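**Student:** The two chains are supplied separately, each in an independent frame; assemble them into the complex guided by the hints.
Top line first, the protein sequences correspond to chains A and B. Everything in the first sequence is counted per numbering that gives the first Met the number 0, starting at 0 for the first residue and increasing by one. Everything in the second sequence is counted per numbering that gives the first Met the number 0, starting at 0 for the first residue and increasing by one.
Just so you know, these hints were derived from the structure itself, not from any lab. All values derive from a computational prediction rather than experimental measurement. Be aware that one or more of the hints could be misleading.
[To be verified] Straight-line alpha carbon distances no greater than 25 Å define the calculated SDA-like cross-link-like pairs of lysine to any residue that follow:
id, chain 1, residue 1, chain 2, residue 2
1, B, 229, A, 38
2, B, 100, B, 166
3, B, 81, B, 44
4, A, 90, B, 204
5, B, 100, B, 76
6, B, 185, A, 84
7, A, 90, B, 22
8, B, 229, A, 13
9, B, 239, A, 84
[Claimed, not checked] Not everything, but these chain A residues come out facing chain B in the computed CB check (under 8 Å):
id, residue
10, 2
11, 4
12, 9
13, 13
14, 72
15, 73
16, 78
Note that beta-carbon positions come from the ideal geometry of N, C-alpha and C, so glycine has one too.
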Amino acid sequence: MIRPHRTHTLWFAYILHRLSGLSLALFLPAHFYIMSLALTQPERLDGFLKWTDLMIVKVAEYGLVFLLAVHIFGGLRLMALEWLPWSNGQKTLAAAAVGGAFLISTMFFMRAI
Amino acid sequence: MKATPDTLTVSVWRGAESGGSFESFEVPNFESQTILDIVAWIQQNSDPTLTYRYACRVGMCGSCAMMVNGVPRWTCRTHVQKVVQDNRVEIAPLRNLPVIKDLATDMDPFFDKWIAAEGLHHPTKSRHDPIEQINPESAARVEAASGIECINCSVCYAACDTVANNPDYLGPAALQRAWTVYNDSKDAGRQQVLDAVSGVGGCHNCHSQGSCAVHCPNDLNPMKAIAGLKRATATSFFRKGSRT
Ligand code: SF4
Ligand code: SF4
Ligand code: FES
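One chain only, chain B, in its complex shape (with noise of 0.2 Å):
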């Protein structure tokens, strides 16, 4: 068996939008470490400048992901082990975001799209209404359960080449999030939802290609959601054209 090297060679991006390159680290090789430790022992320990951003370090912010060897991850969950190759690991900022600097990327547009998808709750009541049961077993429920858990890291988002190729698609998120709203009983804005995800940067961009639901760290299937508004989109747009 070969002895594990002492160090890790680690590429960091560096720069800003506007350019930038690798640079390259020596990084203690631990048995059980993350990405995201490595990159905090090289701002601790080799260049206090990186930038990056964290909060949680336990997978439930959402904000550390970075592009790991070329895949999107996120990084505090992401051991090494399981993602080192020759001794080598490359991390730069997530795909398809402006770059602010170093590894930390300017997410306001996978925020606005969010909100361009009308991905908001639209209340049916007021503070002064009783609490409305909801079945958990219901089918709509069951729909809208499946996408909850979303953490908002963005890494559907830079695995997404549809996303690369057309700056307006609103992104296997945002439009995974709309299908939840949509399938939410409680929420008022269901066609509100369909007009949003229907126009030019909507859900019939998504080439069903599915490296969204492959990469997101969380198990959920974005994909899948997108498959829901298309039809409810297309059910809709026929039931409007057989009422004219």
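With the rest of the complex left out, here is chain A (with noise of 0.2 Å):
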């Protein structure tokens, strides 16, 4: 699957932008679903906030956060390459600046909740 051609930064951003993009739409159906509980059967509902607890889904909130993250950034990257006529050294910084915005304010966040 990863031909020797494959091997390198773009086409991995490619694929990780492709596979994410996949499993978001996958996973958005049964959100909006379960979301729509809240007005047609809220005691269904409650039941299945209850599995949020479990240290499994957890994890499994993580990777939707991951996926999401990943995906807008993969958006925001391709806009830009696409784009913006700018030199490959300056997408190189505002990519960085980004990232290092990102990071810090995560740790703001994470501190916050």
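**Tutor:** Quick look at the structure:
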């Protein structure tokens, strides 16, 4: 599958973006369905929410947030790559700045909760 | 330190478009030789019927590209020492092109797409007009110059998964040339180029995987040129839209 001509950063970025997008597409219908229970069958929603105390579900939630983050940044990266007539050096700097800002803000966020 | 073995085991693809298989050859392991050297050695010493293509041997003509251990490369400038794995090398015809025989591919589709992308000169002047001065520092000229060193080797075309999945896709080299022509102030075909590259097999098929830029032996960046075409075609589309 990962043939020799594909072993480079841009290809890995591409496949990560594809797979995270597909996984989100699979997850979102289930997500909306369960949210809709709040309106239609609040008792069943409570049942579902109890699950979120389970460790495995916590890990799965972390996975989802990861997918979302990866997909958002992958999308921003693609848009910058294709739509901004910047030089490669400028793009690397911009990506580093966004990445750094994201790390710092997440750290503050984690401390807050 | 391990002594260098006297011979290399080289797997060479033999056959035609209808089918074929790898054949193994033992080749002297000289200290300094290129992939093209060992292909030539096999043809001269082991099997004179081996078919392959080359011309300049110095990385200028673009005729010698092959798949080396699964990666497209210009064989005349690829040192065996750089790519050898466990004393073995696998050599196959370029990917994404029909095989004529053994290591020689039919490059017609590659060049036909070059024309289909309007990667040709559309003159603005005749021979009787004075020569136009071009400022080498102008933004458009810098863009045009960035893709000018393409040697038509088709390495990027072989590396591109979009070409593999969509036979109509014009491919990185043809689109890069279209971008060069588009930015050339001596060219009268800007709209022709935009029309040619915005169709079914055009620039918007590119997924920006960048295999073209990673493998181009001349360090060119067709992906960047294609992004330029994406912007230019989109801008022209919205302009047209606002006029009607
Ligand atoms: S960046 Fe575009 S043209 Fe280059 S290899 Fe990827 S899909 Fe092909
Ligand atoms: S862009 Fe590079 S890899 Fe592609 S044909 Fe030109 S020189 Fe070869
Ligand atoms: S033989 Fe001309 S580029 Fe290799």
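**Student:** None of the hints should be skipped; say for each whether it holds.
**Tutor:** Here's how the hints hold up against the structure:
1. About 44 Å separates the Cα atoms of residue 229 (chain B) and residue 38 (chain A), which puts this hinted pair outside 25 Å; it is violated.
2. At roughly 21 Å between alpha-carbon atoms, residue 100 (chain B) and residue 166 (chain B) fall within 25 Å of each other, so this suggested pair holds.
3. Of the supplied pair hints, the one linking residue 81 (chain B) and residue 44 (chain B) holds, its CA atoms being roughly 24 Å apart against a limit of 25 Å.
4. For a cut-off of 25 Å, the pair hint linking residue 90 (chain A) to residue 204 (chain B) stands: about 22 Å separates their Cα positions.
5. Using a Cα cut-off of 25 Å, the hinted pair residue 100 (chain B) and residue 76 (chain B) holds, with the two alpha carbons roughly 22 Å apart.
6. For the hint linking residue 185 (chain B) to residue 84 (chain A), the alpha-carbon distance of about 22 Å falls within 25 Å, and the restraint holds.
7. For the hint linking residue 90 (chain A) to residue 22 (chain B), the alpha-carbon distance of about 46 Å lies beyond 25 Å, and the restraint is violated.
8. Under the criterion of a C-alpha separation no larger than 25 Å, the hint pairing residue 229 (chain B) with residue 13 (chain A) is consistent with the structure, at around 18 Å.
9. The straight-line distance between the Cα atoms of residue 239 (chain B) and residue 84 (chain A) is roughly 22 Å, inside the 25 Å bound, and the hint therefore holds.
10. Hint status for residue 2 (chain A) relative to chain B: holds, with the closest Cβ pair at about 6 Å, below 8 Å.
11. Annotation: residue 4 (chain A) was flagged as interfacial toward chain B, and the flag holds, the nearest CB pair being 5 Å apart, inside 8 Å.
12. Interface restraint check for residue 9 (chain A): the shortest CB-CB distance to chain B comes to about 3 Å, inside 8 Å, so the restraint holds.
13. Below 8 Å, beta-carbon pairs count as interface contacts, and residue 13 (chain A) has one with chain B at about 5 Å; its hint therefore holds.
14. Evaluation of the residue 72 (chain A) hint against chain B yields a violated restraint, the C-beta minimum of about 15 Å exceeding 8 Å.
15. For residue 73 (chain A), the interface hint is violated, the least distance from its beta-carbon to any beta-carbon of chain B being 11 Å, above 8 Å.
16. With a cut of 8 Å, the hint placing residue 78 (chain A) at the interface with chain B is violated, because the nearest CB-to-CB distance is about 10 Å.
Of the numbered hints given earlier, the model fails hints 1, 7, 14, 15 and 16; all others are met.
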